[in-house]
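Chains as they are written, first to last, in the working numbering: chain U, 1 to 155; chain L, 156 to 456.
To be clear, the hints were calculated from the coordinates, so they are not data collected in a lab.
Check the hints yourself; a few may be wrong.
[Said to hold, decoys possible] Here are some of the chain L residues that sit facing chain U, going by a computed Cβ distance under 10 Å: (1) Asp216; (2) Thr218; (3) Ile268; (4) Leu273.
[Stated by the list, open to error] Listed below are the simulated DSS-like cross-link pairs for lysine-lysine, each with C-alpha atoms no more than 30 Å apart in a straight line: (5) Lys247/L <-> Lys153/U; (6) Lys247/L <-> Lys142/U; (7) Lys2/U <-> Lys208/L; (8) Lys153/U <-> Lys142/U; (9) Lys56/U <-> Lys208/L; (10) Lys56/U <-> Lys247/L.
Even for Gly, the Cβ is constructed at its ideal location relative to N, Cα and C.
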Amino acid sequence: MKQRIHLRVNGEDYELEVDPRRRLLDVLRDDLGLTGTKEGCGTGDCGACSVLLDGKLINSCLKLAVSADGADILTIEGLAQGGTLHPLQEAFMEKGGLQCGICTPGMIMAAKALLDENPHPTVEEIRLALAGNLCRCTGYTKIIESVQAAAEKMA
Amino acid sequence: MRGGTARPVNMVNFEYFAPATVEEACALLARYGREARVLAGGTDVLIFMRDGKLRPRALVDITRIPGLEGISYDGSAGLRIGALATLRTIEKNPVVAAHYPHFVSAVREVGSIQIRNLATVMGNVCNSSPAADTVPPLLTMEASVRLVGPQGERTVPLTQFFTGPGQNVIAPGELAVELIAPPPPPHTGGAYYKLAARRAMDIAFVGVAAQVSRENGTLTDVRIALGAVAPTPVRATAAEDLLRGQTLTEELLEQAGQAALAAASPISDHRASAEYRRAMVPVLTKRMVRRAYELAGGEQA
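Pulled out of the complex, with its shape left as it was, chain U reads as follows (with noise of 0.2 Å):
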């Protein structure tokens, strides 16, 4: 049976009705045509899923979203202000931190999270903030590097 519920996503309201079975990551990408948030394996191994939920770096994947009622998301449609791209999107763009770019919606919102808490990492605590992130493409060496090229924006 449908549960109406509330979610804040990127600044925006919305009522919803949900089947209980559906993750946050379907609502995001079916019901609000936020495609950005990628599924890459459905059970919180690889990362591409990832989203801030009340500030949180999270799997969207292993969230249910009526679990999700109320709760206030930041997607990487949400990163961008009114036509100005985030430090990090132009430090990945820069830098080349990506290729297929399956992988970067996801790296994006965890160095987020990371430069949140931490504005200036060292390589080590990237690696680590970024653990929960997999990319089969660049063997993550530019992607580091667009990290910290954006946390020296960001300074």
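Let chain U serve as the given structure and place chain L on it in line with the hints.
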């Protein structure tokens, strides 16, 4: 359901409940009995449900119940962790780290930050995997689980909690509400080693926790727990008995490592062979006892 998914989804059509109190939750759990499942962080439950392995008729979401997320410590009551305390909040708690470094070290090694922001330590305990990382340290801490149910409350020592892989003593209608551990004795150190393929995101091949209390060179108390090498996480009591009251020597450490094997009955699976696990138990036991001993003597973590 609309929307592409990476693999076929086989999730049962369950009834979803979000009770506002422990009493309401227990009433639901009692009503549905073995057909009910508790949802907290969901990092195990949702995976099993999507696979079709877990098919509850009722999913009881306890995340709306106030008062279950607390973490507190004092020198007489010890540690109390509520059922909704996430791994991430424990990881970032300096008081818990100061008194139970092996526990926090284990918490830090579970999954990823994304997982730890959702997952609860109580969930790790109640999921009852033989390889659960938080359990060996909790066993050395002599932790207990407080359960609330239709017959009232009971507190079960963790050493009596697990009954098999994925199995524990929680009865239908009962909800685990709190983890409790006594304060560590003076001059106590703890260490945990997770042997796994990668530095994050993997499940342990072998997990060894040691908690050592010392008076100068004498081991006043020793507790050793093994994960991923038996149907449940276990205390290595033969190794503990060998060490307790003794002065630590290399030779004794070697004997204790071998004695720890008595508690292990590992299987071969896709992660590691039984032979490899048996080979690693003595190595890691020695390392963790030595490490805990050093920490107990005031050496830097």
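Do the hints match the structure? See the list:
Hint status for aspartate 216/L: holds, given a least beta-carbon distance of 5 Å to chain U, under 10 Å. The closest approach between the C-beta of threonine 218/L and any C-beta of chain U is roughly 6 Å, which is under the 10 Å cut-off, so the hint is satisfied. Taking 10 Å as the C-beta cut-off, the interface hint given for isoleucine 268/L holds, the closest approach to chain U being about 6 Å. With its C-beta approaching chain U no nearer than about 5 Å, leucine 273/L sits inside the 10 Å limit, and its interface hint holds.
For a cut-off of 30 Å, the pair hint linking lysine 247/L to lysine 153/U stands: about 27 Å separates their Cα positions. Of the supplied pair hints, the one linking lysine 247/L and lysine 142/U holds, its CA atoms being roughly 29 Å apart against a limit of 30 Å. This hinted pair checks out: lysine 2/U and lysine 208/L have alpha carbons roughly 23 Å apart, not beyond 30 Å. Straight-line distance between C-alpha atoms of lysine 153/U and lysine 142/U comes to about 16 Å, which keeps the hinted pair within the 30 Å bound.
For the given pair, lysine 56/U sits about 29 Å from lysine 208/L by alpha-carbon distance, which is consistent with the 30 Å threshold. For the proposed pair lysine 56/U and lysine 247/L, the alpha carbon gap of about 13 Å is at most 30 Å, so the pair holds.
Consistency note: the structure conflicts with none of the earlier hints.
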